[in-house]
Amino acid sequence: MNSKYIRNFSIIAHIDHGKSTLADRMLEITNTVPKRAMKDRLLDDMELERERGITIKARSVTIHHDKDGQTYQLNLIDTPGHVDFSYEVEKSMQACEGAILLVDASQGVEAQTVANAILAMDAKLAVIPVLNKTDLAHSRPDEVCEEIENSLAIEATDAVRISAKTGENVEQVLDRIVDEVPAPSGNEDGPLRALIFDAVYDEYRGVIVHLRIVDGSLSKRDRVRMMSIGKVYETTEIGHFAPQMVPCESLHVGEVGYFISNIKALGDVRVGDTVTMHKGADVEALPGYREPQHMVFADFYPTNPGDYEVMRDALEALCLSDSSLTFEAVSSDALGFGYRCGFLGLLHMEIIEQRLEREYDLDLIQTAPSVTYEILTTNGEAKLIHSPGTLPNPDQYDELREPIARVSMLLPTEHIGPVLQISTDHRGTFVRQEHISPTRVQLVFDIPLAEIMYDFYDKLKSSTRGFGTLNYEVTGYRADNLVKLNILVASKEVDALSSIVHSSRADARGRAVLKKLRKEIPRHMFEVRLQAAVGSKILARESIAALRKDVTAKCYGGDISRKRKLLEKQKAGKRRMRQVGAVDIPQKAFLSVLGGDDK
Amino acid sequence: MPHPSVPAPGLAAPAPPEAPLPRAPAGTALYVHVPFCVVKCPYCDFFSVEAEGQDLSGTVAALLHEARARAPQAPKTVFIGGGTPSLLPEPLLVELFDGLDGLTGFRSSAVEVTAECNPESLDRDKARLLAQLGVTRLSVGVQSLNPDTLKFLGRAHEPEDALRALEAARGTDAAVGADMIYACPGQSVEDWEDELSRVLEFEPQHLSAYNLTIEEGTLFHVQRERGELMTAPEEVELACFERTREVAEAAGLGRYEISNYARPGHECQHNLTYWANGAYVGLGPGAVSKVGLARAGNPRSLAPYLRWVQNDEHATLWREQLDPLHRLGETWWLGLRRSAGVDPMEALLAAGLDGAVDDPAPGLAQELEQQGLLENVDGRWHLTDRGWPLADGVARKFLALGKQP
Ligand SMILES: Nc1nc2c(ncn2[C@@H]2O[C@H](COP(=O)(O)OP(=O)(O)O)[C@@H](O)[C@H]2O)c(=O)[nH]1
Ligand code: SF4
Ligand SMILES: [Mg+2]
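So the protein sequences, as listed, match chains A and B. Following the numbering used here, the numbering of the first sequence begins with 1 at its first residue and continues without gaps. Following the numbering used here, the numbering of the second sequence begins with 1001 at its first residue and continues without gaps.
In short, the hints are calculated from the structure, not lab data. What you were told as hints is all true, and nothing was included just to trick you.
Now the in silico label distances, taken between C-beta atoms and shown as ranges: (1) A:R548 with B:D1123: 39 to 45 Å; (2) A:E316 with B:W1318: 39 to 45 Å; (3) B:A1400 with A:P34: 53 to 59 Å; (4) B:G1186 with A:R548: 17 to 23 Å; (5) B:R1380 with A:K565: 23 to 29 Å; (6) A:Q421 with B:A1400: 49 to 55 Å.
These numbers were taken from a predicted model, which means no experiment stands behind them. Just so you know, even glycine gets a beta-carbon here, dropped at the ideal spot from N, CA and C.
Go ahead and model the full structure; you've got the sequences and the hints to work with.
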């Protein structure tokens, strides 16, 4: 299709404002998906997405829309809304010229509305504001328009007012896309340049590369080169998403689609890379994606050490479609060999953990997530510390620095008091406060990332009756009075249980961690002593009393096989445990380090 | 009385799923399971059914039929268990014992012949008859002397019946054993000590004292899952366990297994074979046999047992043969239940491993010694005082020897 008639766009919004529902309606009214095959949130096909009702991966789909007697090809990319996945949002934006900014007309502008809109404006996309859920009685479209104008300086008086649920005015949104989103501007006849914006692995067909043609065109049987890797492949199939893969003969400038080439080496495909013709004119690579900022790290260890290799293959496959995940091999005294993984946030971490368990059937032990610290060594070098267990002794560094997040919170004005309180409780420093409408305020704080990682969001939610939202961006590192809190189990320091805490909190945290461990670690045939220490100073102690009675009363000839199986079944119940010294520590105990100091 | 459950003529019944174990060598221990009780006790996971309306004589005939094909010649020990063998009417007891003797010659070969008896079916005459038929040990299911506890346990007898039965057993040449249960809900250590002492006044040669255990598949298990049954707290269980030993030892009965006590020379030889992981042949529904390195079992159900034995002369439902290290772990687990403990070389042989293999068990035993659970006396490993009540934890470690990491 002539690129004049192509529009590439995405839908951006705060979570639950209705992106997936709007995408459903668009698929429906353009007859992309027959009505009988329609199901709610059609693009959310990952099992976890359906279960949690959130979008994790960006999806693309091609739809056709007629306007003024002309058929247009609209390529829609659905995006995730959670702050952890803003990297996915950024990626999808690079494949688009426009974005629909969807705002729930009763909730109003929320933190990710602002964050995603800013990303879109930075990417120079045409932003079309759309108010959703106007069918709800308590929707307040006029006020929300004002909020959009005040917080984002986007003209919103003519925002389309729709109901993604009933389909009202959705047609108008399609018209606005045709009118306001620029057609792709690439060079139709120039040498091929295509941006890889996603990739997934299919066991039978190899890597499926999702790309956007920026210049030129791509046909079946073309020999293409991945520019950063230098690998050459011949395309065996190319096609569009409708939203399932539909093969076609060629993809032209501005179009979004996929190619398959039986690629089995996962490392050959890099999201953000440029695809060009193998034997063609030299071209300049497209600007790739910025490196994602991994702020949360946790170690994964296979429960069964024999699964170490399986786990590596699984992580490689996950990295392919999720370029924001990183991993490297690590070893721990307590847990053996495993992988340290970097995540964008806690939800991201949880999703990866569950995908490893479900899609790859792995049993794993996970350490408590930790942020990345930085030390200034005594010889003046700055070094990143991804895991508290690897922090050297204090005499080897002059400064221990932690990442600071600039946290922006949007909330109803009446809840300012409690939110100021929790922000300072979490060692935050006030930056500014702005009213975006008579009833809503934006508060900005600098808060150590470690402080917002665990339950800050929950606290914000509960102190604003669910109306407060937040977004954050890590702005740098700052030195503070931080210490390493060691946990000793049966007098043995367990590296996987150590954490870095502010010295004023070490006492309370030490006690809280031991309390949780006491609950998680089962009774043993001996007393298990637990200690929390900073350096050689013991801050807290607990002990788990020895199990005193565990014996089968009756065992005769007819029972031996049955009783043996019973004993072995009880043993198997301990599968998700790791033995550290003589102590069995269950998976959940490793997460005890995480979290608040409250009782 | 209904007819034995024999398939209608002309209807081909499927054969037992497994081949029988090979015939056991002469001298192998023999167990015979009589699967009938007056009522089913809510805690019991042995296979037994209420006798009312069952074909007792047909079952005895089937036991003898199976014995013809599978019983060892000249068994060293015989154990007639159940169920409640003592509830069989006298003619059937005669038929069973005479029949077994005719097939195996046990009356001249066995050093020990046990019959399990329950108070409601053991009077003077029954006891005397059993002794005449060759029984050398009468094991009496007293369980408790407290009427409420007996009611809770769903037993078919009253305390007076238990006392009469003990008296009847004592009136024969056979040795007397009393079976008891402790740590019932609401029972204190003192209550238990009191009951135990009263039973020991009858001077039995043997005592089995079991902590009440809620086994899967029993009524008590269902009740506990529903929250309708609370078991005794750990401290009470432990205190009863310890007090049992003190009281029994004071009465001249030494502990030789976790739940078993005897005057010197009166330890149950038949049961010791189980704990030595030795060979035995079991006849009857639910009975298990071990011959060579393999174990096999009959169905825990009467109808298929009767049908299979009738048609095929055996009723082998399942068979197992464990890996060598797994067998070794099992041998240590069972062996450590005995006061005599385990000699590593003996264990290797019992597990069918040759003495030259690299034996992982002693290393593990040393590890457990450091935790104060095992001790080594003159080359044999024993549970320590602290280790006794933790025997299962120790067992799991030995059983894990057989598993590849
Ligand atoms: N009443 C009403 N509910 C809507 C509308 N659009 C979406 N929803 C509901 O809002 C919730 C979130 O929608 P979803 O599309 O999953 O949001 P996403 O997280 O932005 O993808 C779902 O329960 C939808 O049914 C609408 O126009 N009106
Ligand atoms: S009498 Fe003995 S075998 Fe019979 S049901 Fe009761 S406990 Fe079980
Ligand atoms: Mg969604």
